[in-house]
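Residue numbers (my numbering), protein chains in the order written: chain A, 1 to 247; chain B, 1 to 247; chain C, 1 to 247; chain D, 1 to 247.
Treat the hints as calculated values from the structure; they're not laboratory data.
All figures in this text were calculated on a predicted structure; none of them were measured in a lab.
Treat the hints with care, since some could be wrong.
Chain copies aren't distinguished; within one or between two, either way the pair holds.
BS3-like cross-link-like pairs, simulated, lysine-lysine; straight-line CA separation at most 27 Å [unchecked claim]:
| no. | residue 1 | residue 2 |
| --- | --- | --- |
| 1 | 4 | 97 |
| 2 | 4 | 76 |
| 3 | 76 | 201 |
| 4 | 246 | 4 |
| 5 | 246 | 97 |
| 6 | 76 | 97 |
| 7 | 246 | 209 |
| 8 | 48 | 246 |
| 9 | 209 | 48 |
| 10 | 246 | 76 |
| 11 | 75 | 201 |
| 12 | 246 | 75 |
| 13 | 75 | 209 |
4 protein chains.
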Amino acid sequence: MASKFYAVIAGVGAGTGRSVALRFAQTYPVVLLARNPSNYTDIVSEIKSSGGQAIGISTDTSDPASVASAFEQIKKELPEKNLAAAIFNVGAGFAVKPFLELQASDLSASLASNAGGFFNFAQATLPSLLASVNASPPHPPTLIITGATASVRGSARFATFAAGKFAVRALGQSLAREFGPQGVHVAHVIVDGVIDIPRTKGYTVNDGKEDGKISPDAIADSYWHLHTQHRSSFTQELDLRPFVEKF
Amino acid sequence: MASKFYAVIAGVGAGTGRSVALRFAQTYPVVLLARNPSNYTDIVSEIKSSGGQAIGISTDTSDPASVASAFEQIKKELPEKNLAAAIFNVGAGFAVKPFLELQASDLSASLASNAGGFFNFAQATLPSLLASVNASPPHPPTLIITGATASVRGSARFATFAAGKFAVRALGQSLAREFGPQGVHVAHVIVDGVIDIPRTKGYTVNDGKEDGKISPDAIADSYWHLHTQHRSSFTQELDLRPFVEKF
Amino acid sequence: MASKFYAVIAGVGAGTGRSVALRFAQTYPVVLLARNPSNYTDIVSEIKSSGGQAIGISTDTSDPASVASAFEQIKKELPEKNLAAAIFNVGAGFAVKPFLELQASDLSASLASNAGGFFNFAQATLPSLLASVNASPPHPPTLIITGATASVRGSARFATFAAGKFAVRALGQSLAREFGPQGVHVAHVIVDGVIDIPRTKGYTVNDGKEDGKISPDAIADSYWHLHTQHRSSFTQELDLRPFVEKF
Amino acid sequence: MASKFYAVIAGVGAGTGRSVALRFAQTYPVVLLARNPSNYTDIVSEIKSSGGQAIGISTDTSDPASVASAFEQIKKELPEKNLAAAIFNVGAGFAVKPFLELQASDLSASLASNAGGFFNFAQATLPSLLASVNASPPHPPTLIITGATASVRGSARFATFAAGKFAVRALGQSLAREFGPQGVHVAHVIVDGVIDIPRTKGYTVNDGKEDGKISPDAIADSYWHLHTQHRSSFTQELDLRPFVEKF
Numbered sequence: 001m002a003s004k005f006y007a008v009i010a011g012v013g014a015g016t017g018r019s020v021a022l023r024f025a026q027t028y029p030v031v032l033l034a035r036n037p038s039n040y041t042d043i044v045s046e047i048k049s050s051g052g053q054a055i056g057i058s059t060d061t062s063d064p065a066s067v068a069s070a071f072e073q074i075k076k077e078l079p080e081k082n083l084a085a086a087i088f089n090v091g092a093g094f095a096v097k098p099f100l101e102l103q104a105s106d107l108s109a110s111l112a113s114n115a116g117g118f119f120n121f122a123q124a125t126l127p128s129l130l131a132s133v134n135a136s137p138p139h140p141p142t143l144i145i146t147g148a149t150a151s152v153r154g155s156a157r158f159a160t161f162a163a164g165k166f167a168v169r170a171l172g173q174s175l176a177r178e179f180g181p182q183g184v185h186v187a188h189v190i191v192d193g194v195i196d197i198p199r200t201k202g203y204t205v206n207d208g209k210e211d212g213k214i215s216p217d218a219i220a221d222s223y224w225h226l227h228t229q230h231r232s233s234f235t236q237e238l239d240l241r242p243f244v245e246k247f
Numbered sequence: 001m002a003s004k005f006y007a008v009i010a011g012v013g014a015g016t017g018r019s020v021a022l023r024f025a026q027t028y029p030v031v032l033l034a035r036n037p038s039n040y041t042d043i044v045s046e047i048k049s050s051g052g053q054a055i056g057i058s059t060d061t062s063d064p065a066s067v068a069s070a071f072e073q074i075k076k077e078l079p080e081k082n083l084a085a086a087i088f089n090v091g092a093g094f095a096v097k098p099f100l101e102l103q104a105s106d107l108s109a110s111l112a113s114n115a116g117g118f119f120n121f122a123q124a125t126l127p128s129l130l131a132s133v134n135a136s137p138p139h140p141p142t143l144i145i146t147g148a149t150a151s152v153r154g155s156a157r158f159a160t161f162a163a164g165k166f167a168v169r170a171l172g173q174s175l176a177r178e179f180g181p182q183g184v185h186v187a188h189v190i191v192d193g194v195i196d197i198p199r200t201k202g203y204t205v206n207d208g209k210e211d212g213k214i215s216p217d218a219i220a221d222s223y224w225h226l227h228t229q230h231r232s233s234f235t236q237e238l239d240l241r242p243f244v245e246k247f
Numbered sequence: 001m002a003s004k005f006y007a008v009i010a011g012v013g014a015g016t017g018r019s020v021a022l023r024f025a026q027t028y029p030v031v032l033l034a035r036n037p038s039n040y041t042d043i044v045s046e047i048k049s050s051g052g053q054a055i056g057i058s059t060d061t062s063d064p065a066s067v068a069s070a071f072e073q074i075k076k077e078l079p080e081k082n083l084a085a086a087i088f089n090v091g092a093g094f095a096v097k098p099f100l101e102l103q104a105s106d107l108s109a110s111l112a113s114n115a116g117g118f119f120n121f122a123q124a125t126l127p128s129l130l131a132s133v134n135a136s137p138p139h140p141p142t143l144i145i146t147g148a149t150a151s152v153r154g155s156a157r158f159a160t161f162a163a164g165k166f167a168v169r170a171l172g173q174s175l176a177r178e179f180g181p182q183g184v185h186v187a188h189v190i191v192d193g194v195i196d197i198p199r200t201k202g203y204t205v206n207d208g209k210e211d212g213k214i215s216p217d218a219i220a221d222s223y224w225h226l227h228t229q230h231r232s233s234f235t236q237e238l239d240l241r242p243f244v245e246k247f
Numbered sequence: 001m002a003s004k005f006y007a008v009i010a011g012v013g014a015g016t017g018r019s020v021a022l023r024f025a026q027t028y029p030v031v032l033l034a035r036n037p038s039n040y041t042d043i044v045s046e047i048k049s050s051g052g053q054a055i056g057i058s059t060d061t062s063d064p065a066s067v068a069s070a071f072e073q074i075k076k077e078l079p080e081k082n083l084a085a086a087i088f089n090v091g092a093g094f095a096v097k098p099f100l101e102l103q104a105s106d107l108s109a110s111l112a113s114n115a116g117g118f119f120n121f122a123q124a125t126l127p128s129l130l131a132s133v134n135a136s137p138p139h140p141p142t143l144i145i146t147g148a149t150a151s152v153r154g155s156a157r158f159a160t161f162a163a164g165k166f167a168v169r170a171l172g173q174s175l176a177r178e179f180g181p182q183g184v185h186v187a188h189v190i191v192d193g194v195i196d197i198p199r200t201k202g203y204t205v206n207d208g209k210e211d212g213k214i215s216p217d218a219i220a221d222s223y224w225h226l227h228t229q230h231r232s233s234f235t236q237e238l239d240l241r242p243f244v245e246k247f
């Protein structure tokens with residue numbers, strides 16, 4: 001693969017992150033960020049064995065120093081490459097409890113993981129994405145955020161989770177308005193349903209109907225579509241949900 | 001082309017309708033509906049000369065009888081084919097005036113063209129789209145609506161236009177919730193900007209910046225993406241706008 | 001009552017319209033519009049017996065001629081008075097059916113009653129409301145619309161109803177943006193729940209809990225609050241629902 | 001004043017907080033929380049000189065210990081009183097900069113002040129508000145949040161501010177859904193414009209038009225209306241803006 005561009009995906013594991021990595025690896029070398037190497041080593045192998053190029057870097061996106069270190073390593077390992085796409089797919093800080101049982105630490109964990117993590121990731125990637133605008137990229141440089149139902153709707157028992165997700169959406173919307181006119185496509189995706197991954201195999205959702213859980217590969221297809229949109233026709237936000245989901 | 005499916009596009013002319021027709025014609029025979037044959041004859045020729053299959057039918061979507069007649073003709077001309085995709089791209093009834101200068105006829109024209117037209121089109125196509133669900137379609141049968149900024153935002157001087165567009169969005173959202181679980185993908189697209197077509201060549205928008213008008217081919221790409229989404233991951237609504245558009 | 005202003009309420013009956021009429025009649029003479037005199041005669045009596053002033057006029061708001069005639073009669077009966085508040089509380093055209101069982105007439109009934117009715121009412125009242133801006137009104141002249149859940153959300157089986165309600169909201173939002181800067185307060189209220197009126201006595205909603213249906217007097221209190229808002233602090237939209245309602 | 005209830009307002013100063021305090025002090029003893037006593041001493045005096053009852057407590061709502069200490073002091077000073085209304089009007093953490101000039105500390109300041117502050121305040125007040133439900137309160141116990149345009153809209157240069165405001169709205173919406181059915185009214189107010197306070201005297205907004213800035217007394221009137229809404233008819237969210245504001 002001779003692309004002079006690369007993509008970086010923060011928050012890879014067995015679901016959306018893996019599918020997005022595989023999808024973008026069809027065109028670009030990809031860098032996979034996750035706190036735990038066990039989350040990316042198999043995906044790196046899988047991409048390499050298909051003839052792609054992939055690097056995994058242990059990174060805590062909620063820690064600015066860890067993010068800075070990751071991007072220094074990227075610069076060393078992919079010295080001549082420009083950034084084509086950055087995907088933020090981190091989603092920790094998930095406490096589901098009645099509000100009066102939540103601790104201040106539940107809120108700060110959600111905010112640090114979601115808003116803080118995205119802030120650090122966006123600050124690290126936007127200068128590179130801006131630089132790519134003038135480097136004849138095949139598609140407009142793109143920053144994509146994985147959101148959730150809780151990004152647009154607060155619910156009983158989901159207060160702190162929604163706070164983190166709403167905050168990320170606020171950042172994403174602000175960045176779309178600031179960096180869109182500079183040629184960087186910032187998009188936010190509301191994933192409204194349960195994703196079909198090993199961890200959710202046992203869940204019965206939507207009455208157990210076939211395709212009642214979201215295929216992570218299907219999510220990746222929409223991310224790729226967002227990335228390839230012409231700059232005269234950017235989508236800022238779209239929703240994704242199983243055909244059987246009530247919404 | 002041996003597809004046993006076809007697509008129908010209502011509201012073709014020099015812009016989005018033409019691009020969508022060309023895009024879907026790469027895979028399906030396409031039927032083009034417009035009141036005035038001059039709006040589709042060139043597109044039909046263009047598709048045929050590229051090896052595609054196309055039929056134009058003079059149709060007034062705001063008239064149930066005209067729509068019924070069109071679909072009878074389709075049944076005759078494409079007797080064995082199932083409906084894969086139906087696109088409603090009609091947008092007449094556009095009066096821009098201070099409210100107290102508007103006439104009741106401005107309101108009824110907007111409602112008849114937008115809400116009435118889409119109602120007729122949806123009633124004519126949904127039974128066929130439902131029938132296609134079990135006919136092993138390559139992609140989930142799809143009904144796509146072209147919306148506008150005025151679909152989600154009323155503005156001074158745009159009162160009746162917004163009324164028509166809001167009403168269509170209401171219908172689309174209702175149909176997404178009713179027919180999604182039955183396997184038909186209903187999607188609404190908010191086109192937020194000026195489309196780059198012959199009629200708008202003279203318009204200076206977004207300070208005349210390159211790609212400051214929306215490419216209709218780019219819109220068509222997003223419609224095709226919507227059509228090809230896996231049923232576990234349907235988008236109900238997305239926005240499209242030039243990178244320089246304020247929103 | 002010596003007010004030189006009056007209020008007009010379209011769509012009175014046993015619920016919101018009656019309560020709003022009684023509330024505004026504490027300050028202004030009120031004009032009650034309904035198609036059927038049986039909907040307003042008792043309310044007129046009730047207001048008069050409390051020392052208020054009220055007139056009922058048989059009016060079909062979906063018919064521009066009927067509306068024009070009503071306002072000519074108002075001019076004769078209240079010759080020196082300016083319009084302080086106009087409330088549109090009409091809600092016919094309510095068909096609840098699967099989409100493919102709906103008729104074109106269901107759509108046109110909803111659009112004519114809701115969008116058409118409000119259009120006619122707004123065209124008849126806005127010139128008077130504008131004239132009141134400079135007539136030292138006690139509160140900014142106000143136009144209030146009763147909306148519903150279906151004003152902001154399409155649902156299976158509610159397609160044509162939602163179309164009518166969305167369209168009214170589009171008109172209201174457009175008018176708020178056009179007439180707000182001219183000093184007329186246009187507000188839209190989303191009534192999200194079942195109203196506690198004689199017709200709904202038998203309905204079990206929200207598990208039959210006390211105050212699980214909306215008190216029409218409570219709605220009227222919020223309408224009065226909207227009317228009395230200072231022009232530096234207008235509300236364009238608010239929601240009203242029982243404390244037990246899921247939303 | 002013999003009310004067995006009291007109200008608490010967090011974030012008082014020269015604007016909304018002061019007006020809300022004066023408004024609620026007409027009915028209840030009020031407790032004013034602000035970091036700096038200079039923000040409440042004059043208001044406490046003003047209320048007392050009008051025959052009301054007021055206490056000021058130096059409190060940093062972003063610090064759980066400071067909030068806990070404040071509520072212990074309240075319990076001592078108003079030993080027999082139940083909480084009728086709690087208003088969160090805190091709005092620090094306001095950095096307006098291009099995103100790449102923002103520091104991680106700008107984000108954490110906004111999140112700590114807005115989301116963290118509201119979290120602490122809600123955790124401290126909700127048990128008391130719940131307890132008041134059964135204490136025959138004159139109105140449903142109420143928790144009101146002051147929001148802003150940035151609560152529902154991200155903008156270039158306002159990324160971290162919007163993140164904090166979106167997060168508070170997420171918490172408020174979640175609490176409305178959890179505590180509404182328990183009888184506590186949680187409402188979020190979107191203040192969309194510049195408030196007319198000493199600090200903004202020099203600002204020219206809305207072309208300097210009269211009443212082009214929001215009267216804080218008018219805001220307080222709407223807060224009082226929210227507090228007095230019947231539990232069958234709660235508003236969860238409303239917007240407030242000058243009649244001349246574009247929105």
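Enumerated hints in conflict with the structure, sorted upward: 1, 3, 4, 6, 8, 9, 10, 11, 12 and 13
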